[in-house]
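Residue numbers (the working numbering), protein chains in the order written: chain A, 1 to 366; chain B, 1 to 366; chain C, 1 to 366; chain D, 1 to 366.
There may be inaccurate statements among the hints.
If chains are identical, the list can't say which one is meant, so a pair holds when it fits in one copy or spans any two.
Simulated pairs of lysine-lysine, DSSO-like, Cα-Cα distance not exceeding 27 Å [said to hold, decoys possible]:
id, residue 1, residue 2
1, K101, K271
2, K291, K362
3, K22, K323
4, K101, K291
5, K22, K50
6, K291, K313
7, K76, K101
8, K22, K65
9, K147, K362
10, K76, K313
These are computed hints drawn from the structure, not numbers from a lab.
Protein chains: 4
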Amino acid sequence: MANGSSFGNLFTITTWGESHGKGVGVVIDGCPAGISLCEEDIQIDLDKRKPGQSVFSTPRKESDKVEILSGVFDGKTTGTPISLIVYNNNQQSKDYSDIAKHYRPGHADLTYDYKYGFRDYRGGGRSSGRETIGRVAGGAIAKKILKELSVEITTYTKSIDNITIDENLFDKNEIYNNPLCFPDKSCVKKAENYLLNLIKEGNSAGGIIECTVDNLPAGIGEPVFDRLDAMLSKAIMSIGSVKGIEIGNGFQVASTTGLENNDFYHYDNNKIVKETNNAGGILGGISDGSKIILRAAIKPTPSIKLTQQTIDKEGNNIDINIKGRHDPIIVPRAVIVVESMVAITLVDMLLINMTSKIENIKTLYL
Amino acid sequence: MANGSSFGNLFTITTWGESHGKGVGVVIDGCPAGISLCEEDIQIDLDKRKPGQSVFSTPRKESDKVEILSGVFDGKTTGTPISLIVYNNNQQSKDYSDIAKHYRPGHADLTYDYKYGFRDYRGGGRSSGRETIGRVAGGAIAKKILKELSVEITTYTKSIDNITIDENLFDKNEIYNNPLCFPDKSCVKKAENYLLNLIKEGNSAGGIIECTVDNLPAGIGEPVFDRLDAMLSKAIMSIGSVKGIEIGNGFQVASTTGLENNDFYHYDNNKIVKETNNAGGILGGISDGSKIILRAAIKPTPSIKLTQQTIDKEGNNIDINIKGRHDPIIVPRAVIVVESMVAITLVDMLLINMTSKIENIKTLYL
Amino acid sequence: MANGSSFGNLFTITTWGESHGKGVGVVIDGCPAGISLCEEDIQIDLDKRKPGQSVFSTPRKESDKVEILSGVFDGKTTGTPISLIVYNNNQQSKDYSDIAKHYRPGHADLTYDYKYGFRDYRGGGRSSGRETIGRVAGGAIAKKILKELSVEITTYTKSIDNITIDENLFDKNEIYNNPLCFPDKSCVKKAENYLLNLIKEGNSAGGIIECTVDNLPAGIGEPVFDRLDAMLSKAIMSIGSVKGIEIGNGFQVASTTGLENNDFYHYDNNKIVKETNNAGGILGGISDGSKIILRAAIKPTPSIKLTQQTIDKEGNNIDINIKGRHDPIIVPRAVIVVESMVAITLVDMLLINMTSKIENIKTLYL
Amino acid sequence: MANGSSFGNLFTITTWGESHGKGVGVVIDGCPAGISLCEEDIQIDLDKRKPGQSVFSTPRKESDKVEILSGVFDGKTTGTPISLIVYNNNQQSKDYSDIAKHYRPGHADLTYDYKYGFRDYRGGGRSSGRETIGRVAGGAIAKKILKELSVEITTYTKSIDNITIDENLFDKNEIYNNPLCFPDKSCVKKAENYLLNLIKEGNSAGGIIECTVDNLPAGIGEPVFDRLDAMLSKAIMSIGSVKGIEIGNGFQVASTTGLENNDFYHYDNNKIVKETNNAGGILGGISDGSKIILRAAIKPTPSIKLTQQTIDKEGNNIDINIKGRHDPIIVPRAVIVVESMVAITLVDMLLINMTSKIENIKTLYL
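Can you make the complete structure from the sequences, with help from the hints?
Here you go:
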């Protein structure tokens, strides 16, 4: 399935919907049977990306209530497709009527016209951030599976502009205690001030999201093309505003030596441990049993109120000031999206790896 | 096909082979019929990654001569699978006999054992860099297709450690004029000295590869999950030593504002042009007709002669000094590998995009 | 995507939903942009499989009204996923309460329990014939594409029990003029009498559906595994009650000689024609430009009122008499399902074939 | 991977090669690690399809010796791709020189030209029966996996023309004791006489192959599109000369009633058994634990010596008498091909089913 709205091989999601259509949704196929699942399990994550929760996100009011349409019976997944829907309630399509005629810088308006000849221009149509609702809903289900295996994902804002967390002040419980998803509360005030200034001038900010995974079994990831890091990179880079992805020490490896970069092994009470984790838990594309570490660079929201130069469809160079309701920063709301894509990827790769050894097959069938 | 040795949807490659097995190879399926192709077309790229060409690459002597086994008739591709083989000639398996028993830091030795229960330990087996021969061979064919469309890829060493090219001194013709693949010859001597020192001490270096694409049609890339940048990220991150990937301004976007980062459009003689290209030619996951720009961070060669601490299979903590023939830096030989993966991805996405509009379908069938 | 509810490579459908859940639906991805589409286009085919239209189909009353949730803007497909939903209205779940405890012969009750450990037993759950609504909806869209290319599919009841149409009395306009979808009205009365007798005794009947395709371009179908006939066979055999599929002369070829079976070519006004069409329009898995002909054997409805022996979950051998509302024959309502699966398969294969020649690629991009 | 030379999702084969190219081969990816494998394991099945073994198969002399190029180490599969090659030795390309210019009835000559614009006409090129070598080699490996699970496939000639086996005389040991692969030796003489007559007149014969599977676990097959019967149908119909496929009672169900066709369950010593097996071991697309039964209709060899009317590329209607070396019947050599495709399909579906329940996942990871 090569047309872009499906992801995964065994645990798969297919998303649909536009910003100002009737709704958005996702079909999850390949979810194993027997997992307890209710709407609240999914809603908890959807609420993390819901707009209108602080001054730092768009005031568009959407309850984003999810409804399970299929695939769950007597409170448990049945193994057949789980269809989820979130209706759009608070579309204000008039806000966007003028973007039918021009191309907003930094958006997909022009490229969708190139590709398809025309586009649903209302609120960005299919290229809107609302598309990520399906990812988050799918991710919530993936995390239920990961929980059964005690795999735990932690995702947070690493930096906004140059305001970066101090590892020593890291507190996981802080992440959803502040509207910016910082795990270091000392960053919050500084970043809020920085953003409030940008809001005032009608500009926007970028940042970095970090995601770590604990307790992932060793051996996950397929050799050569479907390496765990390659699959995670595709997953993360497919999120609208991501422009870079790195694993472990990432771009820093370019200026280190082999001696510095290699992680040494030793036995600690008969358990294999690494003294460092520059590799971010992945060697040869396969998990080594240590913590997975990745980071994504998120661009500033392209919709800004400041005057920009662009073109209209009639061949004119024009100036625009984008109206409507927009986030001054994408990072905090993207945190749960990154986490969801990681969760979906990990579940898919965990399932695929089950067939790597003949012993596994005999264990289940004999 | 989820087990990792295949890549692509319509233009696909399936690679096989181990470092010290009988050979390595690739099957390309979905190559359109009617392209002129001979072994020399492929050999020219294989020679760029061939070992033993300078002091900066492993002295293992391999002619790496490719043989076309199928899919070409009367000098043209037939549309059916193209099978290519390169026999291994210069295996020195004895060099590796001791790695059967211990796990080299920074390598996939341990993770393959985790995944499969055992491994072909000779020269890294399937996780060896020789695996990339199939990618380069497939890429050479992909580039023949791109050439028919005037799409041109340029790939080179951007930096080694902190020695970085000066854009003003960029000369495409220099790239294969120096053993380090720098397009700026002012870097070469500095980097050579840096590397010679590392070789002397038995250490290794990392760096950054940059790749740009000119004349890619606008509209390439599928929405949501199979975005052009997502597919390129998977492609590049699947190369053994890559730890980071970025598009356009990449990680820099994290500390810019929307106003700085957005690329403004204007009409220039009725042609749409962008004044800047911070996006690296991709918006909403779809090519916008401007230059594609991406960078990959390459880790230092994990095989170093310096003493490292690790473990053996019997439960002992040990010290090792890796013998055998190794590259002190992966970057120069990886340049053509990055280019090949980009080429394969672009061709696949170009083919998929052909079906995006009903007009296209009517053009070909009516 | 290997978990069974998706079909196709470039033009793909993903279906979801159970007989007595909230509804059933389908997501179509890869539908080319620019095709005019409204709900009525789809409803027309859904109405052909709707229950309760004659004494020969289940009296369950479902309006089966389809709603387009995404992928259409200004009356045209946008190239992004088309999500369609049909709500279930007339579930009478109490009718099925007892089947929670036992296994109906000829149904999937037992095999779903084997596979998933439990099942949504209400009305057959996911294995119900209502699952085919998504196929028919997807097929209606596929047929819009085929219409643009003048490809025409004709599907009808070939036989019920031993009552078989006479080719000389074939009248395409008759097909939807009788409740049994016979193109030969001389069969209708005979078959109705046969079925009325079966209804009286609480039994059911099987039959054969035939499907032909006119104007399919030559060259469609991929060599080796994804032959047109192989893809059609998978498509048709995936319909719940199909137990056999044949192309052209089908099983008759087993008792013919090469001389009898080969179709001879000749030129007729510079056009290549075949004198016979024993091959059913497919040679080497690729369409030859003549009429595609296939037939599917449909088993009798497994739900019958007559006493049957079976087992319950508690370990008892029991007798059952299946109550509830059931079709005495599946064939007529399956006609549009077969047609839909053929349409979806043909569109997918037409799209894939577009990349078979470098000329095609140059035509679209240069 | 949509271009036709790959099959499977988790256990996958990709075949390549033409009748008169350098050789034919296959890459198997997704074979679990730890299975003992040597060339003799594969050769034993290749020898069953090898030409030149009796008067009833083409006298082309090919040793068809297989070589393992990768994926096996210390006598065991490593989990990475297994590349197999068989060199072509006995091409007599001159025999085929004239078919460059005309189109043989019943062959893929014309359709390949339609699709690709030209073809490798030597011996049928890619559409030759030699393509099945890769399938048989892949099937031999699949059968090694099935053997570990005690799944046993039996495949044989059911009928040639109207000479059909008597079930009461069925003897599995006879199958490879006669050149026609009949399990009932009473058929052999009759069929040999029938074929010798056809050979004399330069004609050819068709027949039916039957395949049964014992001990397949219940629960195999995915719902809706990837049903076990649908996947088997695609697999079998993808074999060159197959024109029909049926499961269990197959086309007979069209003239039976529900009461006759339903298989009743009962408990026999707490084990669930069926009294009949009209369903052929598959209900709702999922195996029910009883014997799988399928049949394929094989057309007569299209290459016959008798005069046929056809066309040349220059626009002339011509008569041809096909020379060269051909089988007077395809059936016996196709027996092992059918068995191989069934084996590959079953292994793939067995692997996919491993992830159907959360219990399975916990069993392997916790």
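27 Å Cα threshold - placement of K271 relative to K101: between (63 Å within a copy, 17 Å between copies)
Within, between, both or neither, where K22 and K323 count as close if Cα-Cα is 27 Å or less: within (23 Å within a copy, 39 Å between copies)
Homomeric proximity label, K291 with K313: Cα distance no greater than 27 Å: Answer is between: at 22 Å across copies they meet the 27 Å cutoff, but 50 Å inside does not.
Same-copy or cross-copy closeness of K101 to K291 [CA-CA at most 27 Å]: between (48 Å within a copy, 25 Å between copies)
Within, between, both or neither: K76, K313 at alpha-carbon 27 Å: between (51 Å within a copy, 19 Å between copies)
Alpha-carbon proximity context of K291 and K362, limit 27 Å: Only across copies: K291 and K362 sit 21 Å apart there, 30 Å inside one copy, limit 27 Å.
Same-copy or cross-copy closeness of K22 to K50 [CA-CA at most 27 Å]: both (17 Å within a copy, 25 Å between copies)
Intra- versus inter-subunit Cα pairing at 27 Å for K76 with K101: For K76 and K101, only the inter-copy Cα distance (18 Å) is at most 27 Å; the intra-copy one is 48 Å.
Intra/inter-copy verdict for K22 and K65 if alpha-carbon distance must be at most 27 Å: Classified as both: same-chain Cα gap 13 Å, cross-chain 16 Å, threshold 27 Å.
Intra- versus inter-copy proximity for K362 and K147 (alpha-carbon distance at most 27 Å): Answer is both: 25 Å inside a copy and 11 Å across each meet the 27 Å cutoff.
In summary, the structure agrees with every hint in the numbered list given earlier.
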